[in-house]
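S.K.: Single-letter residue listing:
Number of protein chains: 2
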Amino acid sequence: MKKLPSSPVRLGIIGIGGMGAHHARAILDGKVPGLELAAVADASPERRALFPGIPAFADAAGLIASGAVQAVLIVTPHYSHTPLGTMALKAGLHVMMEKPISVHKADCERLLAAHTDPRLVFGAMFNQRTDPFFRKIRDLVRAGELGEIRRINWIITDWFRTDSYYGTGGWRATWAGEGGGVLLNQCPHNLDLFQWIFGMPSRVQAFCGFGRYHNIEVEDDVTAYFEFPNRATAVFITSTGEAPGTNRLEITAERGRLIYEKDTLRFDRNEVPMSEFARTSKEPFSAPPTWEVRFPISGHGGQHSEILQNFSDAIIHGAPLIAPAKEGIHSVELANSIILSALRKQTIEFPLDAKAYERELKALITKSKKTRPS
Amino acid sequence: MKKLPSSPVRLGIIGIGGMGAHHARAILDGKVPGLELAAVADASPERRALFPGIPAFADAAGLIASGAVQAVLIVTPHYSHTPLGTMALKAGLHVMMEKPISVHKADCERLLAAHTDPRLVFGAMFNQRTDPFFRKIRDLVRAGELGEIRRINWIITDWFRTDSYYGTGGWRATWAGEGGGVLLNQCPHNLDLFQWIFGMPSRVQAFCGFGRYHNIEVEDDVTAYFEFPNRATAVFITSTGEAPGTNRLEITAERGRLIYEKDTLRFDRNEVPMSEFARTSKEPFSAPPTWEVRFPISGHGGQHSEILQNFSDAIIHGAPLIAPAKEGIHSVELANSIILSALRKQTIEFPLDAKAYERELKALITKSKKTRPS
Chain C
1479 MKKLPSSPVR LGIIGIGGMG AHHARAILDG KVPGLELAAV ADASPERRAL
1529 FPGIPAFADA AGLIASGAVQ AVLIVTPHYS HTPLGTMALK AGLHVMMEKP
1579 ISVHKADCER LLAAHTDPRL VFGAMFNQRT DPFFRKIRDL VRAGELGEIR
1629 RINWIITDWF RTDSYYGTGG WRATWAGEGG GVLLNQCPHN LDLFQWIFGM
1679 PSRVQAFCGF GRYHNIEVED DVTAYFEFPN RATAVFITST GEAPGTNRLE
1729 ITAERGRLIY EKDTLRFDRN EVPMSEFART SKEPFSAPPT WEVRFPISGH
1779 GGQHSEILQN FSDAIIHGAP LIAPAKEGIH SVELANSIIL SALRKQTIEF
1829 PLDAKAYERE LKALITKSKK TRPS
Chain U
1479 MKKLPSSPVR LGIIGIGGMG AHHARAILDG KVPGLELAAV ADASPERRAL
1529 FPGIPAFADA AGLIASGAVQ AVLIVTPHYS HTPLGTMALK AGLHVMMEKP
1579 ISVHKADCER LLAAHTDPRL VFGAMFNQRT DPFFRKIRDL VRAGELGEIR
1629 RINWIITDWF RTDSYYGTGG WRATWAGEGG GVLLNQCPHN LDLFQWIFGM
1679 PSRVQAFCGF GRYHNIEVED DVTAYFEFPN RATAVFITST GEAPGTNRLE
1729 ITAERGRLIY EKDTLRFDRN EVPMSEFART SKEPFSAPPT WEVRFPISGH
1779 GGQHSEILQN FSDAIIHGAP LIAPAKEGIH SVELANSIIL SALRKQTIEF
1829 PLDAKAYERE LKALITKSKK TRPS
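From first to last, the protein sequence lines are chains C and U. When we follow my numbering, the leftmost residue of the first sequence carries the number 1479, and every step to the right adds one. When we follow my numbering, the leftmost residue of the second sequence carries the number 1479, and every step to the right adds one.
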């Protein structure tokens, strides 16, 4: 069915620091035909002067109440996501939320509870869901092409950051300012893909280095071990201290082994599922014959622009969202549980006790010597 | 200095099942010039008939007391390693022990305590120490070429075994018969290389599947997380249930990242050590320039034959052993600690309490419904 011609959605961007300004320029450059940049909001006068001709508000409340926009894109520090998202939804605006949708699970629940009007579109900026490699992996898993998943190993350590990066804001990498480190800032994408592809695990035991590589109080080095309801196991490793980093996802399943690394997806496909072969073979040292399968994938998809265009399509045409905000709670729950497991040195079962984590986080903030966000 | 011509060492092989017979044939085929197969011992009359012309004893004690040999190679089920090794050393024979040198740490200590005569050569069959890939990795680590080690990830899951394999002996994969699964039978090599290259860790928390893939009572699936004295972390994963398996060792160090996989060793070398770069760079999103380094290595070394020839050279010429038996305790301690951590669901600190593990193992044997070795 041909889409009817329509006017672009009038969008306000709340927060035009690094990423917010990037999104604004993409829209002004015509990369998202479905959106029109109708207003921006930022506390900084310098930033408010960035986009001449675009109405600029000194605070989010002013923009939300102005009537100038139908939708907002929220690109502010993490802790403000829940109050700003709630305010916008209550004002009847569609909302696109940068990741993470909030800092901790209880705040995610509060934010999602504000989404009471089903006519309002509420999406999350999980742009890596547009990557054809991860789409293909998810399709293969969900179609059963891999058979039952047995083990996952994701080393995602190509998030190297210098001390200079951490110096760009006093709120950065503090419990009060960001509510976490690599898991809350860099890794929400990977944690989202992890649950998007594999579903939620049953439990986690994790080991974090807090300020291992940088002079920060939050985690910058993580090794997490997961178990899933079907007994599959997983190791997830991330860090902002390693150079050159690795991004390698290995999936061991009954039908073979899938490896994503360096823009290559390779499937070593067992002709006979491995456990069936183990049961039926008469040869002690044999293994199933395999096919070497490669997938003709190139590029990494539309990323932010595709998510934003999809947001517009959802508002105008009712298109299904690539990343509904309600799915954003899972990556936060994974991040919170990893941190809690490492702090307590114990296994954390899913679902996470949201109140317990909130108390733990507040205690960390109280004990913190680092500055709050300005 | 040119070696003096000398007669080969007269060797007896105790246990001529699969591996023992393999070693015997290698010696008979002239692959180990320094050794002469002078006798064999085995309880099985069929196996004793395997090598016509070679004196064959029905039990090890007979061979050891016979005066027919100067040295023995012990290739018997794991639990007999300590008593047989002790008997041979006390009889004044040089000993080469198949891996693992014993089943648990306390038994290793007893065995090593029997080595009181420094003139006797006591080696262990860690043939993978002859592999030029692992030698190069060790040399690079020890020479400081990698700088300080930060993280290790070894996925060594290419030990796939069928149920038919586990059916080849009632003692196989039982607490009473082998004292463990993949860690005691297949992985001693990798655990030995692990400690040979990196030294011993400070602690381990591990997760084992006991009979996850096969109808056995011992571990056939392992994920172990280690921490080292310098705060380096490591993940070690092994299994006999995965096909096709992986053998990939990734080492993250200050000077870059070394990856061994599929007969390739690759070093992405940082021009500036990563932590120094993080401290000194003014750019938030930069990373050190890297060199792509490859090493012209081919083949996997002399393996068993090289270890056996080295044993002869040590006896005749005083050559240093590639793998002294006393170093064999480390891989056993690693295996024991991984199992204990998984059973108790807690972190185990090194050194392992050998008596505590022995008690735990005896309790497992008592509770076991599986057969003892015949």
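Treat the hints as calculated values from the structure; they're not laboratory data. There's no promise every hint is true.
A pair counts as met if it fits within one copy or between any two copies, since identical chains are not told apart.
Below, a list of computed lysine-lysine pairs in the DSS-like style, where the Cα atoms sit at most 30 Å apart [stated by the list, open to error]: (1) Lys-1740 <-> Lys-1833; (2) Lys-1833 <-> Lys-1804; (3) Lys-1614 <-> Lys-1740; (4) Lys-1847 <-> Lys-1760; (5) Lys-1823 <-> Lys-1840; (6) Lys-1760 <-> Lys-1740; (7) Lys-1804 <-> Lys-1568; (8) Lys-1760 <-> Lys-1833; (9) Lys-1847 <-> Lys-1568; (10) Lys-1833 <-> Lys-1823.
Small disclaimer: the values here were computed from a predicted structure and weren't measured.
S.K.: All hints, please: hold or fail.
M.R.: Comparing the hints with the structure gives:
Proximity of Lys-1740 and Lys-1833 under a CA criterion of 30 Å is satisfied in neither setting, with 40 Å inside one chain copy and 47 Å between copies. Taking the shortest Cα distances, Lys-1833 and Lys-1804 sit within 30 Å of each other inside one copy (19 Å), while across copies they are farther apart (52 Å). Proximity of Lys-1614 to Lys-1740 under the C-alpha cut-off of 30 Å is found in both arrangements, the shortest distances being 15 Å within a copy and 25 Å between copies. Taking the closest pair of Cα atoms, Lys-1847 and Lys-1760 come within 30 Å of each other only across two copies (25 Å); inside a single copy the shortest separation is 64 Å, beyond that limit.
For the identical chains of this complex, Lys-1823 and Lys-1840 are neighbours both inside a copy (19 Å) and across copies (29 Å), given an alpha-carbon limit of 30 Å. Proximity of Lys-1760 and Lys-1740 under a CA criterion of 30 Å is satisfied inter-copy only: 28 Å between copies versus 38 Å inside one chain copy. For a Cα distance limit of 30 Å, the shortest separation of Lys-1804 from Lys-1568 inside one copy, 16 Å, qualifies, whereas the shortest one across copies, 71 Å, does not. Proximity of Lys-1760 to Lys-1833 under the C-alpha cut-off of 30 Å is found in neither arrangement, the shortest distances being 54 Å within a copy and 40 Å between copies.
Within a single copy, Lys-1847 and Lys-1568 get their C-alpha atoms no closer than 35 Å, and across copies no closer than 64 Å, so neither meets the 30 Å cut-off. In this homomeric assembly, Lys-1833 and Lys-1823 come within 30 Å of each other (Cα to Cα) both inside a single copy, at 19 Å, and across copies, at 26 Å.
Against the hints set out earlier in the document, violations occur for numbers 1, 8, 9.
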